[in-house]
Amino acid sequence: QSALTQPRSVSGSPGQSVTISCTGTSSDVGGYNYVSWYQQHPGKAPKLMIYDVSKRPSGVPDRFSGSKSGNTASLTISGLQAEDEADYYCCSYAGSNTGVFGGGTKLTVL
Amino acid sequence: QVTLRESGPAVVKPTQTVTLTCSFSGFSLSTSGMCVSWIRQPPGKALEWLVRIDWDDDKYYSTSLKTRLTISKDTSKNQVVLTMTDMDPVDTATYYCARTSVRATYYFDFWGQGTLVTVSS
Numbered sequence: 001q002s003a004l005t006q007p008r009s010v011s012g013s014p015g016q017s018v019t020i021s022c023t024g025t026s027s028d029v030g031g032y033n034y035v036s037w038y039q040q041h042p043g044k045a046p047k048l049m050i051y052d053v054s055k056r057p058s059g060v061p062d063r064f065s066g067s068k069s070g071n072t073a074s075l076t077i078s079g080l081q082a083e084d085e086a087d088y089y090c091c092s093y094a095g096s097n098t099g100v101f102g103g104g105t106k107l108t109v110l
Numbered sequence: 111q112v113t114l115r116e117s118g119p120a121v122v123k124p125t126q127t128v129t130l131t132c133s134f135s136g137f138s139l140s141t142s143g144m145c146v147s148w149i150r151q152p153p154g155k156a157l158e159w160l161v162r163i164d165w166d167d168d169k170y171y172s173t174s175l176k177t178r179l180t181i182s183k184d185t186s187k188n189q190v191v192l193t194m195t196d197m198d199p200v201d202t203a204t205y206y207c208a209r210t211s212v213r214a215t216y217y218f219d220f221w222g223q224g225t226l227v228t229v230s231s
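Residue numbers (my numbering), protein chains in the order written: chain A, 1 to 110; chain B, 111 to 231.
Please note that a few of the clues may not be correct.
[As the list claims (entries may be wrong)] Partial selection, computed: residues in chain A whose CB lies under 8 Å from chain B:
1) 30
2) 34
3) 45
4) 51
5) 52
6) 64
7) 93
8) 102
9) 104
10) 107
11) 108
Don't read these hints as lab results, they were simulated from the structure. Yeah, the Cβ is synthetic: ideal placement off N, Cα and C, and Gly gets one too.
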């Protein structure tokens, strides 16, 4: 499976909104509503932020939201806070009980 | 609460076989619907899904690494063991285990802290 495509970096000022895209194919992102997003701070394990395209686990702020259109999924973070600065990874089910991650996006809060 | 912890050698030599153990609590791999995956991350690079084992002992492998990986579970010890053969410096990475939800969904909800494996002679 080929990795999903994410922008290498995005940035925004506190209080602003940013959107991170995740592009795949009809065999993964476009074929299933099983896209998840993970936040990873330096030296830490990834943390689940969004699953099933747009669902938030308990404890994740509603500033984080997800969506999907065709072969591209998106993570939007509104009301940016300094603590949101991290790497973000998307993941999609890719059929045959396998998964594929994106290349990761570094979010900088200016 | 759900916790996972990886353990294994920090350094292995090229061509050697490495065995990693994931010890977990807060759930049982004998419970229908429970699964554990291994995911790795080379330094400064992206996450890569490797393999998954399910409550019913079904196993699913990454196509690119299938010939080198073996996963097993010991339900009585709440452990999942990953073996990777013919290690190469490009396999240097932090290896994570993660509980995986797969029933009408697909995501990794709880992760271990990871164990760094360096392949070097």
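Close enough to count: is the Cβ of residue 45(A) nearer than 8 Å to one in chain B? holds, 4 Å
Does residue 93(A) pass the interface hint, meaning its C-beta sits closer than 8 Å to a C-beta of chain B? Check passed: Cβ of residue 93(A) comes within 4 Å of chain B, closer than 8 Å.
Can residue 64(A) be said to touch chain B, with a Cβ gap under 8 Å? violated, 14 Å
Taking the closest Cβ pair, is residue 108(A) under 8 Å from chain B? Violated, about 16 Å.
Is the shortest C-beta separation between residue 104(A) and chain B less than 8 Å? holds, 5 Å
Return the status of the interface hint for residue 51(A): holds when the least beta-carbon distance to chain B is below 8 Å, violated otherwise. holds, 4 Å
Holds or violated: is the Cβ of residue 52(A) closer than 8 Å to a Cβ in chain B? Check passed: Cβ of residue 52(A) comes within 6 Å of chain B, closer than 8 Å.
Given residue 102(A) was flagged as interface, is its beta-carbon under 8 Å from a beta-carbon of chain B? Residue 102(A) check passes; min Cβ-Cβ to chain B is 7 Å, inside 8 Å.
Close enough to count: is the Cβ of residue 107(A) nearer than 8 Å to one in chain B? Given a least distance of 15 Å, the restraint on residue 107(A) is violated.
Can we keep the residue 34(A) interface hint, with Cβ of chain B closer than 8 Å? holds, 4 Å
Would you settle whether the hint for residue 30(A) is holds or violated, based on the nearest Cβ-Cβ distance to chain B being less than 8 Å? violated, 15 Å
Comparing the model with each earlier hint shows violations of hints 1, 6, 10, 11; every other hint is respected.
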